[in-house]
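There are 2 protein chains.
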Amino acid sequence: METLSHHNILVMLLSLGVLLAAARILGELAQLIKQPAVVGELLAGILLGPTILGTLSPELSLFLFPPTGPNAIALDAIATLAIILFLMVAGIEVDLSSIWRQGPKGLKIGIMSILIPFSCGLAAALILPDVLGRPETSPLLVFSLFIATALSISALPVIAKTLMDMDLYRSDLGMVVISAAILNDLIGWIIFAIILALMGNPGVTADSVVFTIGMTLAFTVLILTFGRHLIHKSLPFVQAYTRWPGGELSFAVVLAILGAALSELIGIHAIFGAFLVGAALGDSSHLKERTRFTIDHFVSFIFAPIFFASIGLKVNFMEHFDFKMVALVFILACFCKIAGGVIGARWALMSRKEAWATGFAMNSRGAMEIILGVMALEAGIISHSLFVALVVMALGTSMISGPMIRIILRYQQHLSVADMLTSKYFLHRLQASNPKEAICEMVELPCRTTGLDKNLIEAAVWERELSLSTGIGKGLALPHARIEGLKHAIIVVGISKDGIDFDAPDDKLAHVIFLILTPLSDADAQLAIASEISGIFRNESMLEKALKIKNFTDFMALLRTAPRGWPF
Amino acid sequence: METLSHHNILVMLLSLGVLLAAARILGELAQLIKQPAVVGELLAGILLGPTILGTLSPELSLFLFPPTGPNAIALDAIATLAIILFLMVAGIEVDLSSIWRQGPKGLKIGIMSILIPFSCGLAAALILPDVLGRPETSPLLVFSLFIATALSISALPVIAKTLMDMDLYRSDLGMVVISAAILNDLIGWIIFAIILALMGNPGVTADSVVFTIGMTLAFTVLILTFGRHLIHKSLPFVQAYTRWPGGELSFAVVLAILGAALSELIGIHAIFGAFLVGAALGDSSHLKERTRFTIDHFVSFIFAPIFFASIGLKVNFMEHFDFKMVALVFILACFCKIAGGVIGARWALMSRKEAWATGFAMNSRGAMEIILGVMALEAGIISHSLFVALVVMALGTSMISGPMIRIILRYQQHLSVADMLTSKYFLHRLQASNPKEAICEMVELPCRTTGLDKNLIEAAVWERELSLSTGIGKGLALPHARIEGLKHAIIVVGISKDGIDFDAPDDKLAHVIFLILTPLSDADAQLAIASEISGIFRNESMLEKALKIKNFTDFMALLRTAPRGWPF
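Protein chains in written order, with UniProt numbering: chain A, 1 to 568; chain B, 1 to 568.
Keep in mind that the hints are not guaranteed to be accurate.
The list treats identical chains as interchangeable, and a pair is accepted whether it falls inside one copy or across any two copies.
To be verified - Below, a list of computed lysine to aspartate or glutamate pairs in the EDC-like style, where the Cα atoms sit at most 16 angstroms apart:
{"#": "1", "residue 1": "K108", "residue 2": "E354"}
{"#": "2", "residue 1": "K34", "residue 2": "D165"}
{"#": "3", "residue 1": "K487", "residue 2": "E463"}
{"#": "4", "residue 1": "K34", "residue 2": "E59"}
{"#": "5", "residue 1": "K233", "residue 2": "D554"}
{"#": "6", "residue 1": "K508", "residue 2": "E540"}
{"#": "7", "residue 1": "K324", "residue 2": "E28"}
{"#": "8", "residue 1": "K34", "residue 2": "D419"}
{"#": "9", "residue 1": "K288", "residue 2": "D554"}
{"#": "10", "residue 1": "K34", "residue 2": "D507"}
{"#": "11", "residue 1": "K424", "residue 2": "D524"}
{"#": "12", "residue 1": "K436", "residue 2": "D524"}
{"#": "13", "residue 1": "K436", "residue 2": "E532"}
{"#": "14", "residue 1": "K454", "residue 2": "D522"}
{"#": "15", "residue 1": "K233", "residue 2": "D95"}
{"#": "16", "residue 1": "K508", "residue 2": "D95"}
{"#": "17", "residue 1": "K108", "residue 2": "E441"}
{"#": "18", "residue 1": "K233", "residue 2": "D507"}
{"#": "19", "residue 1": "K474", "residue 2": "E484"}
{"#": "20", "residue 1": "K548", "residue 2": "E354"}
The set of hints was computed from the structure by calculation and includes no laboratory data.
All chains, please: the whole structure from these sequences, using the hints.
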């Protein structure tokens, strides 16, 4: 068998390691500034690809990412496997039944937010094919259908993540938006599958178009009905008669790979098959959370970053950056998608505010658009410049989506407790021996840096403490007060080795003390923070671990990795 | 960039899907008959490779697994990534500190079980290089060193699994064996790394040998001291300042890949670097169980099966099966490794019985031997026939290890509750309305099929029930008795929709009733079974779920996937 040489193996490992490390680091940084991880992951590829590294040091770039030969094939093989597993995870996230549960509302929004962008896109591509840089190899009809689809598709994972971050995922608004997005994706991918099949078939005739549409629809229906039923019936059997959790894990991955192969075999792109199998799997109530998490984590944090970073290696984003085209695509995409969402939402009798939030939510294109772009680029449907414009549009729409919804709904971001902590407000060795001293010692820290009036705050916290003591048991105390003029919540953490008597119901001394100061204007913040903290410390071993930490970083690590009622 | 064509993608997905499916199914079957999964996984490759499928249908074999071209490269790239991740997991399992904890005992066994096989192997290869089929390209010294190493290495994962299956892993004997095996592996891999480096360097001189040995030792020491320290210090930082659990997961995988690249760069094989990084990672008390599990499961159930099955594609096992060589290698391997283990154990003043058990435990070569063989085959050190002999030896030694230890220690296999259940002894709709009727109804099932005396058993169970009722609360009852003449434990399950009053301490009616009959001779079986059952049903939701099941398969799925105090 032909194998990789030692040099090939070395290059493959170096390129994979560097790519994954860069993608994850930039992905984390993107999330720090409240942006989707995919923004950072793509940027990593642009930095390591022809755009930046290839310009600064062509030799290093050629060494790490040779454009031809075994290493190019090896990286493409791993990226292909990665995207198939990623689409499987995207499919698992789809909740088919919620489309029906949301009824006509989701349907109306889903339809309008496809119909309007699709018509606009079709019209624009038919009228201005040259401005959009249609390659000569790409038939006008196929090209126009692609532009129409590219404008219509949504990014379910990004939308879901944005809504989750704002605690809107399980709200009525959230479920309507999600069900509309699922409909969007499903129809978008079916159209795209048809386009790809048409593109692979040079002698396109009316018959072949009908045949492809028929095959795609038949495949979709088959997997989502018969396949789904079969999977649902098989899962208990797999769980009962194989080693847990390995059996179910392999079962799911094998199905996704074979589903991808099957769809490739009948002429639809592999990723569509993986997506459908994922949807069928995720729909089964028998699929265990544990399996979902293992697949989701390994794919989201290993495979997906490799795939998205590898995109940056394909194209020189600087060279192919055509400002006019980028602007045109971006404006057209935003305008017609937001319009579609708003009109659909108003048709579904939602309030004006909610309608605009819906429009901006549906507007984010994220990873899905980029995947679509890669496939179209490789199939020769679009030019490099249009590909760059699509990527910029995908990132831009994803980045504005969250902030715009926050503005429209006047949403006050609730940070997690770990996000609110800082080493400045951390007292590893609290000196105090009683509550009054502890409060005094802890209040001093924020007052020193922010210029708040120490006496005023101390009095407020102490007054609250006297009215009802804040020792909640299990070694925790949460003294707190609402402070006028405070802009955002402040948490000070103090750790007392000897313990302080905060008059807890279980009579235990408090060792970990969270002083919580919240703005007077934000009535809910205090309760949200307190309930998150007591949730984290529900596990008895947490207190013990907290007393063993050596510094602020250890404390943060403890909070972030605390078990939070995982379902297994 | 050079990419895979549609045809390539189709073939890649089909081959991966088929390979993984076959490997997992045969791996599960192997485990059913108490054999290591790797036996089945290898067999899957032999079935799909040139040995069987290639002979039966050369066209299909060529289509699925083309020996040259992009698909051969793609599969090799994925298999290479797989083996690197597998060695990382093997490294994580190594507990470096236990070598020190076990002190001289483990050291003595470790030394003897390397020294004796190594000398025997060296002597045999130097005396009989032609019987062992030395290829002309392989220098005699390198070849002999390889044979010596191949006979000396153990298979830590297989040994660990065998001991765990027998509840011996945490015993004194278990820890001594494990620490000896770790020492074995560490030294074995270092020697092998040196061999590979010598092989890659055609003009071998005394200087270059010294240089290679120096580099390998320096690399090992560097990673296990400085690298280990750095990883331990970095983990809390990663946990504190990245999204959990993605940050730690990526950190571990990136380190393993870069460690592999580094070792490849300095001329040692990549897998050695991954193994060392794994050992350094696993040694840190900061590495979370959750991360270990996610990596372990994805690698053990997806990557490892692909790798081991892909081995079968490389060689025609029938054509290269040389009986004399297979027999020689097998006998030599067993004889000198068992001798080494026994002598070392006796030197460490262990009893004769324990010494023999140690010898057979150390004798299992499993996956590690096969990996060593693949590397040597690809480096041209050994012939195809010797490779086949090594694989047979690796599988054979792993397969006899468990049964032999059981015989030597007269170990009574404790099956898990799920392993003891059968659909024949399952009453989905118990008719009884009181304990006496329930016992009568349930006792009938085993008596009907085994010919046991119904009245006798019923009386024994009822007598036990009268002396102290067996309703243990939470809707469970565990009526039981020890029965003379019974060969192995029998469990009958009955589910009562209405509930039966087994006089539980929480006054709840029993809905799930396990009738447990154990042999009179086995004093511990009853307690072990009862405590496993109550552990499974500790979670309140289990009873609710048990009442919803539709058949025996559902019930088995419920038991197997029940949360059992996972640490997260």
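How the hints compare with the structure:
1. K108 <-> E354: within (14 angstroms within a copy, 74 angstroms between copies)
2. K34 <-> D165: within (9 angstroms within a copy, 47 angstroms between copies)
3. K487 <-> E463: neither (22 angstroms within a copy, 73 angstroms between copies)
4. K34 <-> E59: So K34 and E59 fail the 16 angstroms test inside a copy (36 angstroms) and across (54 angstroms) alike.
5. K233 <-> D554: between (46 angstroms within a copy, 10 angstroms between copies)
6. K508 <-> E540: within (13 angstroms within a copy, 28 angstroms between copies)
7. K324 <-> E28: neither (31 angstroms within a copy, 58 angstroms between copies)
8. K34 <-> D419: The answer is within: 12 angstroms in one copy meets 16 angstroms, while 49 angstroms across copies does not.
9. K288 <-> D554: Between copies only: 13 angstroms across, 32 angstroms inside.
10. K34 <-> D507: neither (41 angstroms within a copy, 53 angstroms between copies)
11. K424 <-> D524: neither (25 angstroms within a copy, 57 angstroms between copies)
12. K436 <-> D524: neither (26 angstroms within a copy, 57 angstroms between copies)
13. K436 <-> E532: neither (24 angstroms within a copy, 50 angstroms between copies)
14. K454 <-> D522: So K454 and D522 fail the 16 angstroms test inside a copy (21 angstroms) and across (72 angstroms) alike.
15. K233 <-> D95: Cα proximity of K233 and D95: none, with 18 angstroms in one copy and 41 angstroms across.
16. K508 <-> D95: The answer is neither: 46 angstroms in one copy and 37 angstroms across copies each exceed 16 angstroms.
17. K108 <-> E441: Intra 58 angstroms, inter 58 angstroms, cutoff 16 angstroms: neither.
18. K233 <-> D507: neither (52 angstroms within a copy, 37 angstroms between copies)
19. K474 <-> E484: neither (31 angstroms within a copy, 51 angstroms between copies)
20. K548 <-> E354: The answer is neither: 48 angstroms in one copy and 40 angstroms across copies each exceed 16 angstroms.
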